[in-house]
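Listed below, chain by chain, are the residues.
Number of protein chains: 2
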Amino acid sequence: MASYLRAQATEFLRALRLHRETGGGSPARADTRGGAASGAEGAVDAVRALRRSARRISGSLHTFRPLLDPAWSEEMRPELAWLSGTLGLEHACEARLRRLLLALQRLSGSGSTVFPAPSVNSTAVAGAARSADSGPPVQAGPERGNLTVGAAKAGALLERQLTLARTRAHSTALQALGSARFHAVADRVAVLASEVPLTPAAATTDLRPLAAAAEERLTNAIATLPLLTAGHPYNAEALIHGLSPDPSPHPQDGPWHQVRLLLRLHRYAREVLHGDADRVDVRLLAAGQALNRHRDASEAAAAAAQAARTPRIAPATAYALGVLHADQRLEVEAARFAFQQSWLKQPVSAP
Amino acid sequence: MASYLRAQATEFLRALRLHRETGGGSPARADTRGGAASGAEGAVDAVRALRRSARRISGSLHTFRPLLDPAWSEEMRPELAWLSGTLGLEHACEARLRRLLLALQRLSGSGSTVFPAPSVNSTAVAGAARSADSGPPVQAGPERGNLTVGAAKAGALLERQLTLARTRAHSTALQALGSARFHAVADRVAVLASEVPLTPAAATTDLRPLAAAAEERLTNAIATLPLLTAGHPYNAEALIHGLSPDPSPHPQDGPWHQVRLLLRLHRYAREVLHGDADRVDVRLLAAGQALNRHRDASEAAAAAAQAARTPRIAPATAYALGVLHADQRLEVEAARFAFQQSWLKQPVSAP
Chain A
1 MASYLRAQAT EFLRALRLHR ETGGGSPARA DTRGGAASGA EGAVDAVRAL
51 RRSARRISGS LHTFRPLLDP AWSEEMRPEL AWLSGTLGLE HACEARLRRL
101 LLALQRLSGS GSTVFPAPSV NSTAVAGAAR SADSGPPVQA GPERGNLTVG
151 AAKAGALLER QLTLARTRAH STALQALGSA RFHAVADRVA VLASEVPLTP
201 AAATTDLRPL AAAAEERLTN AIATLPLLTA GHPYNAEALI HGLSPDPSPH
251 PQDGPWHQVR LLLRLHRYAR EVLHGDADRV DVRLLAAGQA LNRHRDASEA
301 AAAAAQAART PRIAPATAYA LGVLHADQRL EVEAARFAFQ QSWLKQPVSA
351 P
Chain B
352 MASYLRAQAT EFLRALRLHR ETGGGSPARA DTRGGAASGA EGAVDAVRAL
402 RRSARRISGS LHTFRPLLDP AWSEEMRPEL AWLSGTLGLE HACEARLRRL
452 LLALQRLSGS GSTVFPAPSV NSTAVAGAAR SADSGPPVQA GPERGNLTVG
502 AAKAGALLER QLTLARTRAH STALQALGSA RFHAVADRVA VLASEVPLTP
552 AAATTDLRPL AAAAEERLTN AIATLPLLTA GHPYNAEALI HGLSPDPSPH
602 PQDGPWHQVR LLLRLHRYAR EVLHGDADRV DVRLLAAGQA LNRHRDASEA
652 AAAAAQAART PRIAPATAYA LGVLHADQRL EVEAARFAFQ QSWLKQPVSA
702 P
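Protein chains in written order, with the numbering used here: chain A, 1 to 351; chain B, 352 to 702.
Isolated chain A (complex conformation) (with noise of 0.2 angstroms):
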């Protein structure tokens, strides 16, 4: 485990390197174009690596809990949380916005040329400046309520509000990167990758037992999920409160997203314990798949909700994003019905 937590440690420090060297500092990147562009993907990629680590020694952190000072542990884990959270956004922003854009064109028809291709990264902040709803240079009829253009201008006020949010990821990363709480963070990274802060008891513990128990966390929480529901094809459960009052209409993908985390915290265990991370279980990576799929899915459903309430919007658009809507939310139950499929499948292969 202390040779784990070390390599994790190590591939936090490259990547952090790697950052720094390929100018991901630079808080001129969200206008980076052409030129800079693998300095910008190098940055990105630096960015994904630093979270994975990150994850990965939070992860250890909680289900090896016993074997870890006690005070050091709980002081590590609030801040790896932290930023693998706030690193993250920027490249969630950017996904949801792929996601919706794809998905409004395969709804309008896949031959259709009325409705650009995604452009996320062409777009820049310039593009979320303009004003609501304006709308993007398409050729519209002169009938009213055309619902081609409604698919076009949903895009677009997707494409401007989050974009405007990924910029402020952007800069909230940015800043955090060049925190004295990202040093902090980054010095005892350092420290971890040469010395293993354990309990005196830890050279004796069964790791074994305690990768069982979060296993069995994993288990029991997919036991509470309606996985007999979920395995019916065309139940309309993830839509069902698609036009409820209730603000948060979707409590029930709650349950699905801890899932999601204890499977990815039972993964790690398992990483630990095997060594190589190369031993991946298909039916694991199938099931976190599914679970990840499900997790965009509901978000990006939520902003399309979201892009909905905004003042002044024309009913083609409403439209339109009430039908992008519904088909996000139809992925999620999609999401659901994979993740039945996968993990019913075959046994769970003992650790």
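These are computed hints drawn from the structure, not numbers from a lab. Heads up, a few of these hints could be off.
What the hints assert, rightly or not - Straight line, CA to CA, 20 angstroms or less: simulated SDA-like cross-link-like pairs of lysine to any residue: (1) B:Lys696 - A:His232; (2) B:Lys696 - A:Tyr234; (3) A:Lys345 - B:His583; (4) A:Lys345 - B:Gly582; (5) B:Lys696 - A:Gly231.
Unchecked claim - Derived coverage of chain B by chain A (criterion: at least 3 residues anywhere in the stretch with Cβ under 8 angstroms from a Cβ of chain A; other residues may be distant): (6) 499-510; (7) 526-537; (8) 574-588; (9) 673-680.
Note that the coordinates shown come from a computational prediction; the quantities given were computed from them, not determined experimentally. Even glycine gets a Cβ: it sits at the ideal position worked out from N, Cα and C.
Given chain A, put chain B in place with the hints provided.
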């Protein structure tokens, strides 16, 4: 076959008599309330029975064409199609409205009291005369873009539009039943009840090859359906052109509607051969129900999209109609899945 036609013709005449006795001919029916309800119900049953036998007579004329006097048969079929089409429209509008209001209620959350229960039968023509999108008496919060108010308004809009359509369909049906054209059909059916105009060769002709040909037309049409795709749940096929610029964006529905008609002809041909409707093939029944659901959801989705084109509706109303449209397209997809499942469940039993 002749006895089957005679029996159906007798049913037709009985339904016609019932319709006259229950006051179905009175043009006041659309305003009928309370006391006259049982009479109105009887009239509805009578119209359903009229359509039922008209469809069966027409179907038999088609499948067993070579056995019947061609001139008589060619003249009779379009008249029966006109009749059952005209008589079916009112029921279709009513069922469509009920389906859409129930869907809106489901989408608003089952425990919601904001959205009123479907009230198809209690809504009079007066409702249709209200101005577009004036909305129902719902206690709306002061905040803009309240999506639940959107659901209630969408429901009210659909109720007005479909009630108006239903009222028109009712008038048209009444006019049809009082027309010279209808009396000519009824006279022909009366003749059919006693004497079926067979060809000289009919007495020695085997019915089975003709019934087998009807079945073959069905299986050939089913072979062209994308059943492999339909068998994969959540394939997102049915919604794919939901925001397409095409004015009739779902040509993909056509082949399924065609199979629905061919399945019905096959079922009627089996009735002719086996003499009793009791010997129902469960598989055919389930497949037919799936295709009825497919047709109903397809038309309901189109009605929601059509309502969204109403000028000057609120964005929240349009949003709710978009969600509703997508929900019904999902029903279309679910119906295809159900058809695929029921059809492939067991091999075709020999007639």
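Do the hints match the structure? See the list:
no.: 1; hint: B:Lys696 - A:His232; in the structure: 17 angstroms, holds
no.: 2; hint: B:Lys696 - A:Tyr234; in the structure: 19 angstroms, holds
no.: 3; hint: A:Lys345 - B:His583; in the structure: 17 angstroms, holds
no.: 4; hint: A:Lys345 - B:Gly582; in the structure: 18 angstroms, holds
no.: 5; hint: B:Lys696 - A:Gly231; in the structure: 18 angstroms, holds
no.: 6; hint: 499-510; in the structure: holds (count 3)
no.: 7; hint: 526-537; in the structure: violated (count 0)
no.: 8; hint: 574-588; in the structure: holds (count 3)
no.: 9; hint: 673-680; in the structure: holds (count 6)
Hint 7 alone, counting from the list given before, is not met by this structure.
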